[in-house]
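For the sequence shown, the tail end lands on 952 under my numbering, and the numbers increase by one without skipping.
Hint data in this document are derived by calculation from the structure and do not stem from the laboratory.
If you're wondering where the values come from, they're calculated on a predicted model, not measured in any experiment.
Each hint should be verified, as a subset may be incorrect.
Distance ranges between label pairs, derived from CB positions [said to hold, decoys possible]:
{"id": "1", "residue 1": "R898", "residue 2": "A860", "range": "18 to 28 Å"}
{"id": "2", "residue 1": "E777", "residue 2": "S942", "range": "39 to 49 Å"}
{"id": "3", "residue 1": "D391", "residue 2": "R416", "range": "21 to 31 Å"}
{"id": "4", "residue 1": "E678", "residue 2": "S488", "range": "24 to 34 Å"}
{"id": "5", "residue 1": "P729", "residue 2": "R574", "range": "42 to 52 Å"}
{"id": "6", "residue 1": "Q666", "residue 2": "G756", "range": "20 to 30 Å"}
{"id": "7", "residue 1": "E777", "residue 2": "D691", "range": "27 to 37 Å"}
Just so you know, even glycine gets a beta-carbon here, dropped at the ideal spot from N, CA and C.
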Amino acid sequence: MTRRLALAWLLLLPLLVAAAATLPARIDWDGYRGALAQHASERLGRPIGLNGGLRLRLLPQTLIEADGLTIGSSNDGVALTARAMRLRLDPWRLLLGRVVVREVVLVGADIRLPWPPTRLPGLATLGLDELTLLDARLEESRISVAGASIEGVSARFIAGGLADALRAEGRFNWRGQPLAFNATLGRAGDDGAAPLDMAGQIAGSRIAARGVLLGEGGFEGRLDAAGQDLSALLPTPRGAFTATGRITATADVVGVDQLVLDLGGQQARGGVSLRLAAEPRADAPRGTAPGARLDAALLASRLDLDAWTEALRRGGSPELPIGLDLSAEAASFRGVALRQLRLTVHLENGRIIVPEAAAELPGEASINASGAGTADTSEWALRFETRRAPDTLAAFGALNLPAGVAPLAHASGSMRLVLDERQAGLSDMALNIDGSRVAGTATWRWGERPVLGLGLEVARLDLDPWLAAGERLSRMDVNLRITAERASLHGLALESLSIDASAEAGRLVLRRALARHGGADITAAGNGTLAPPRINEAVLEAQGGMLGGALALMPTPPWLNLPAAMAALPLRLRAQLAGPADALSLRAEASVDDARLEAQMALDLGQGRAGGTITLRHPGAGRLLGPLIGPAGRQWLGEGSLAIIAGVALRPGLLAAENLDVVAGQLRLRGPLSLNREGARPRLSAQLTTDSLALPELPIATLFPALRGFDMELALRAENLLPPPSLLPPLSGLRGMLRLEEGRLAIALEEARLSGGTLQAMLRADTTANPPALALEARLAGAVVTEALLGHLPDVTSGRADAMLALSATGHGPDAWRATLAGQGDVTIRDGTLQGVELAALAAALALPEAEAARPAMAAALSGGSTPFTRLTLPFTAEAGLLRLGEAILQGEAGMARLSGQYDLARLRLDMRLAMPQPEGPDVGLWFGGSADSRRSLPETSAYWRWRNARE
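Using the sequences plus the hints, can you model the full thing?
Below you can see the structure in the form of structure tokens.
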């Protein structure tokens, strides 16, 4: 029997399969369209119209697929549309001709739930003649409530008997990831409260909420969540997390308070709320839209702001608007320690809005910011202040800024910052840096070759740090437009500075630079390359300034102070530069009054060397130099033009004029000259030659302070040297050397011709002593006396003189030197003539026997005439400014005479006696002397006549 039944089933099974395959096509379903629509309407609680085609599938389940749906509305406010619907039928009832729906599936449904709800959506009561099982599904659907939408919903709703709970399970997409959920709603008790358990899993995280639905509306319960990465759910930093809190829900808001969050080992407390907005009324203002919003407030002891920033950028396009309020006692951002952080962020429609951000920084600094943007672009308003700017910059690693660019103490201000994926831009800058105002704009563009743009207006600017940053600027493109009320460049004070320059791909262009200094308008322009350094063309012009202001920029000696009249002379300058850095060509022209200066130089900037020719010309040397040398110097210089031509060479610390040729009035000098500043003291060296040189009467003592400031070595050759007449007669064939070492001066007259004789001398002056000390050693040989030596009778008017001097003096001027003169000397004159006394006649008068004849003859011999002599020796000593003759003897054919007396240099008073010894009796002589303006002579014969009268 069993085998027969099995064989019958084997024969019947193909027939049933064939019937299942062919029967649906042969059934006319239009007759069932109304019944199916009615069953679907009863299940969904709203009228359903089936206007499209119907398709039946018997295996493996009995399903009817319908499209062309029309879903009517109900009084519950739910709006429902669907792309298609599937109805699972009871196959056995269908064989009996009855249509019983066991499951309703909406495909591609779009469900819009009202908020707040007026009443629960309508569900048909399960009839007693039906199975008490509800099985409804959604596939590929979307649910929208209060402006928030959940995409990709696939869910199943199951209800058993009247006493069973309603269960729901399914999945939907959240932040691009599938979220699986399940919920169980128990039957309400007598108080109307029903238990509700919900759980969800997404990306390894679990969320669970347990509580009760209140009869009067709302939900209360506990929330527990944990997982490996909270950023999969919300815009937070990556990391494992746990969260617990109390959850409550009303028609307006779903909130979690008493929240304790542990994220990546950092704990925070706070709360979260989901606000649900109602649908707008028909009479609502235009533009009003429904919306939901998620807000969170967290308070932590410490936060990693870098991780939160990255998370907010990743989560800039959430499924619903999100508001985040972060507070922390301490935080870190880009390695900078922050305190008292407060950050408010809104994420909505792909935008990141920061209404408030505030923190305290190192260096007693504070910053406030607000802004908005997207993950790629943003715009910010910043306000900051720091009392210890170096500490603040050090915290940001900005101590490598050049000195002078970074603030030294206090900085504050505000600005607007625009950021995108390519660049950062600063605008509306209003800064105060160390008391200096800074305003303008700045841009920074990222890339393999960054681009920096600056448009600044500053009160004070130090240009040296910017020039020192040239190597760093060569690695980027720069566009500068800077104006400054005051600026400094290598100690040079500038006013009204304006710079328009750019550097691109190693090419530097200075479109224009303007400034004022000392009343001069300075203009510069040029272009070149940074690598290798080269100036293609550069022009510098200055006009409207004065000579004194230009010389103040040069390393001039402190004693060279221009008179006001000369310093006020107008100056114009034009300089052109071109060439590589190691062979730069300079051509400069300058004019001062009628003077014209031209320079052609070759510069090596790397070695700091230069060489070329400098020419200075003026039609009147005395007129140009008169204010500097005074009337006496102008008279000494004489009439004539000024021309200075020098081949110069410069290197660090050294200025050398290898071929110096000077023509100034009657002055002619030529030879090399150099100024060396490499040592502790400047050193001037020169070897000068001249045909004729007249020395002015200079107040030498006034130069002593200047002599202490530098050293000098000057060799001089002069065919004719004209000292001041009060000092020395003209010299010829002069060869001398002047040395100045640490305030000690030595003038060596190595060779000179004086009145046909040879003169050698050494003058030393110690200007460091107090008072200054002088010492003179001189030797004269073979000088021919052709004029009176003393200028009054008696006087030597001819002869050949030899002299030796060794004198010293101290003091600050000629009066002091005369008063302190000390030393000794010896003057010898041979084959000369003594004018004013006739010793031969005196001897003859003394030999007369008659007194009446002898007296007038003696008087005549002592008051006139001349006496030839073969030798006159005048040894002397000096002490305290008083010259005293030693054993002075005059020898000649007329006999021998002795000279005695002294010369007071302080009072310029002479007291001398010329005495002719007698074989018998007293000497007969002549006294002569007195002050310089009242010289006189007196015969001294009274003693002789008393003796003679007594003898007779």
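For a quick check of understanding: which of the numbered hints are violated here, in increasing order?
none
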